[in-house]
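Undergrad: Here the protein sequences line up with chains A and B, keeping their order.
Here my numbering is used: the first residue of the first sequence is -5, the next is one more, and so on.
Here my numbering is used: the first residue of the second sequence is 326, the next is one more, and so on.
Calculated from the structure, these hints are not laboratory results.
Just so you know, not all the hints are guaranteed correct.
Across the chosen pairs, the derived CB separations fall in these ranges [as the list claims (entries may be wrong)]:
id, chain 1, residue 1, chain 2, residue 2, range
1, B, V335, A, Y803, 54 to 60 Å
2, A, K9, B, T383, 43 to 49 Å
3, B, N526, A, N284, 31 to 37 Å
The beta carbon of each residue, even a glycine, is placed where N, CA and C say it ideally should be.
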Amino acid sequence: MFENTNKEMPFEIAKETMKAHRLRNIMACLAIALTTVLITVICGAGISTVDALLAESDIKPGPGTNGLGIYGDMDTLDKVRKESQVEWADIARPCMQGTPRNKEFAGNEVKFLAVNQEYYGHHYVNLISGNYPKNEGEVLISDTLVKKAGTAITPGQKITLNLIVLQGGKQVELPVDMTISGIYDNPLEMLANYEELYTVETFPDTYNPELNDALSIIYIKFLNVTKFTPEYELNEKIGDICDRVDGKGVVMAISGDISTEIMSSALLLLLVMICGFLLIYNIFYISVVNDIRFIGNMKIIGMTKKQIGMMLNWQIRRLGAAGIILGDLAGTGLNLFVIRLFKMQGFSYSQFYKTETPLFLAAVFSIIFSAITVWISSKKAISLAKKVSPIEASRFRSSGKKKTVFAIFSFTLGGILFCMLFTVFVGYDTEWKVDRKNESDFTIQQWHAIQPMNEAYEPMSEKLVNAIRNLDFVKESYLFYYARNTKDEEASDGFYDQSIGEVKFEGRIKEVMKEEFKKLQWIEEEHIKNGRYKSGILGMDAGALDMEAQNVNILDGKLDAKLFASGDYLIYHPFSSMGKKDYLDYGMRAGEKITLSFWDYTQKEYRTKTFTVMAVVEKIEDNYAGEISLPIQFVISNHAFEEIYKESAKKMVGALHLNTLGRNQRMEQSTIEKMIENDFNPQVQMHSRYQSSMDEQSKREQGVYIGLVMGLIVAFIGLTNIINTMVTDVLSRKIEFATMQSIGMTKYQMIAKICGTGIKMVLISLLLISPLSLPAAKALASIMTTGFRPPVFAQSCILTLFAGMLVVYLTSCILTITLNQKTAVERLREAE
Amino acid sequence: MKILEVKELVKHYGQDENLIKAVDYSSFSAQKGEFIAIVGTSGSGKTTLLNLIGGLDTPDSGEIIIEGQKISDMKPDELTIFRRRKIGFVFQNYNLVTVLNSYKNIIMPVKLDGNKVDKEYIHQITSILGIENKMKSYPNQLSGGQQQRVAIARALSSKPALILADEPTGNLDSKTSQEVMGLLKATSREFNQTVIMITHNEEIAQLADRIIHIEDGKIVGGEDNV
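Okay, chain A solo, but in the shape it has when bound (with noise of 0.2 Å):
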């Protein structure tokens, strides 16, 4: 008897309804629209980002095994590809260190390799044209290189390949004549300056053996490994299978470790979806009290709690969809722009954003957490519609109190994320970022004296380093020495050692770093070999080190570049530091003298001298300019450097700053950028103050834009919440009003009262905004390393305080002229 299941009535007064409620369906679609912006762009943001990440796991040398392998000759590849957990194994030999000296390669790191017929086809080297090698006289070129040689190359064309190969243990060139058997679809075109060449597995054997197969990476694919393996089960599976094979050293295997930045945007996505549910909330809330009294009446005609949710939902999602679609097609263009300025960040997975794919899938997520927000945001309000009874309905009276708190709160919410976004991307700190960077003009840094390689180290030419020392708009240069002790045939674990020195573990040295190791907890053993100790050391034009101080901190002594230049005097740099207080009641002191021997690997000879500690010194946190950074320890001048290691030394630089007349930039950046790549070697590096200013400028345009139109979203959320709770209140007094103003009150005092409620509710906010954005501004902003300014924290608090205030001003002015469209008299009559 008691069934009911008729949507029609339902439906039609949900309809007609709709219309009436005019100013609350604008809000609601505005709230609607503007959370799913954020959420796209969060979105889109957060899924570019990962893609980014995979992509950047994928595109890497031996593509079919995401570049996971070991060391090993054509021995241990017949042992790997007897292990029941490998699906195939591949073999890459390379033909000779580094990259054949041909023009055509310049500015290019080129791999010239030696490999199986298989390794084609496991690792997507897929032809285009002409054939794979057949014989040592062929070669397989890619078609980015055909490009960049910027000729016409097609197969059968001749190429003679400028090779270094190793004779009597000495490298030698070795030009060798080759026909290019065709042209293949490079797989790792994203890398920007990397090729490869290929040619049949026996070329080594014949062209270099003395090479020895000391470089060639067996790829390994195992069975049940996919690129979502975690990191440290695919280290875990070739560390074993190294081991058993006898491989020389693993390719450790860098998987796209996502999690962080899966995390990051879900944090800051529930963030939003919180802003947005606040809004939209009180807004659906605030229209069902409205209207309680007329769902009362519904219900007391006969309408049941399941035909009031049924009209009410019918509206809901239509200003649900219309808000969504529109909110989705914005935040889709504001991507495009997001996922520029993101491909323009200096990560390594930077060049690595793509549009497609991501804007498709963060259009539609958005959809489906925009669609979630509605939904809970307006499921409280449909309750209380559906629960109401009729007599509750007919006495029901809202305080306000809830929706004033929940407009509050959502204020503060968007003030916060309005000053963290506008301190971060406005208050962008381009010099600051600039001067973190580069300490002079330009710097042509040897890489691998600084960090570790999977090939050998191949020193910085004296010719190149004169060269540009001589170039006639270079105004000074200052030389850096990293000593270098390892022997770079010792691999270890597929890796050669950055640059690394070694004194005599004795002595003053012993006594600091017993101290030093139980401080930072590390274990002696591991860093004292055959009695010595190994550690960073610098040698540095004394005419540097005003540049330097620059990114120091003194914990001791003082600086003073005439008596550094004597070579009597070194710096110091501990390993630990942890605050100056601590340091210098166990560690060493400026003053002393220290006696160090210092081994020269190539001789098999230490070389002692005393010298006395000028000071000690720490790096600042957070600068990546200078040289003095760890590893370095001990910091000697050139004069010095070159009395201790002699000839070696000349293998040994590391670095070279210049800083120039700076007449033209543009022209001095190309001009040195030429000169390495003419030089081969693609260890050898430079950046630059300008290239780095270009770059931070253009970053903090795009942030610019982005971090204002972001943040004046967030902050419109805050204050939309905020006119809704002003103009439901005021209409809902209209009575009141309309009675006070007929005892006298004028249209100013009404101003005023409206006024007075809204800047209650600014103020309040912007108490919690200040000190609770302050600490989010500055984290936000080391996060993104763009620099905290105060000045620029200070404005947003302003902003948003001008803002909030403007904004209850014009409101409490549009109410009040709405208002008096009618007089006092007739507002009452109509009460009546």
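Add chain B to chain A, keeping to what the hints say.
TA: Chain B only, in chain A's frame:
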């Protein structure tokens, strides 16, 4: 035939010294087609009594039986549907849906129930009430009297067992009040409809077949149909 029975109905609010006995062991019954006026001063409990009969409020004790069904045993949704089918309400302030025209307001209970509208019946009601040419008008286009007539038509549209009218002439002038009361009585006769009307106006009450007096929640006269 008894259409309504109210037995020992109690509704109290508050406690101890704040206890208000809105309805205090009240009992009465109504026959089919009877027109009853419940009269009492302000605060006597007549609105509470009407709300209890209409299932809008729940009694603390006692029984209400409409057409043989005990409404006190029903769940809220069952009560709503019962109310839609068996009870028509006429309010002092009409309570029409402002966004629907007169016709849609009138047929609303029928449509909510998913039933087919008896157009002939509706025409008959509206003719008697004199609003047949106002079907396309919206409530804000009608006078107070016309709106109340639409409300009466809505109350009758589902052919309910009972019409409950809460001060139906409260917002009308005396002339219109007389007109509306006349129409209410006429439709009650025409459709053999039981009407229970609340009023504080003794003059209006005289038009009823029976007057029940209520004082301090107690029925003090007219409870039996003599």
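Undergrad: Could you tell me which of the hints above the structure violates, numbers in ascending order?
TA: 2
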